[in-house]
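Going by my numbering, the sequence shown opens with residue 30, and the numbers climb by one from there.
Note that these hints are calculated values from the structure, not bench results. Fair warning: there could be bad hints in the mix.
Computed list of lysine-lysine pairs in DSBU-like fashion (alpha-carbon distance at most 30 Å, straight line) [claimed, not checked]:
{"id": "1", "residue 1": "LYS63", "residue 2": "LYS47"}
{"id": "2", "residue 1": "LYS53", "residue 2": "LYS43"}
{"id": "3", "residue 1": "LYS53", "residue 2": "LYS63"}
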Amino acid sequence: MVFIGLGLNQEEIKTALKSCLMTKEELANTDWEKGYQDEWPVERVYAN
């Protein structure tokens, strides 16, 4: 990522970005392999 601007607070940006990263515990979670119920089902549309 590239941030261009004047007066940007580098530490604040780093902190905000780091808060988006997954923790080791979240990465170790394998519940995704079981699948999830789609809470927002959308019909698939295919061109004929």
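Hints that the structure is at odds with (numbers, increasing): Violated hints: none; all satisfied.
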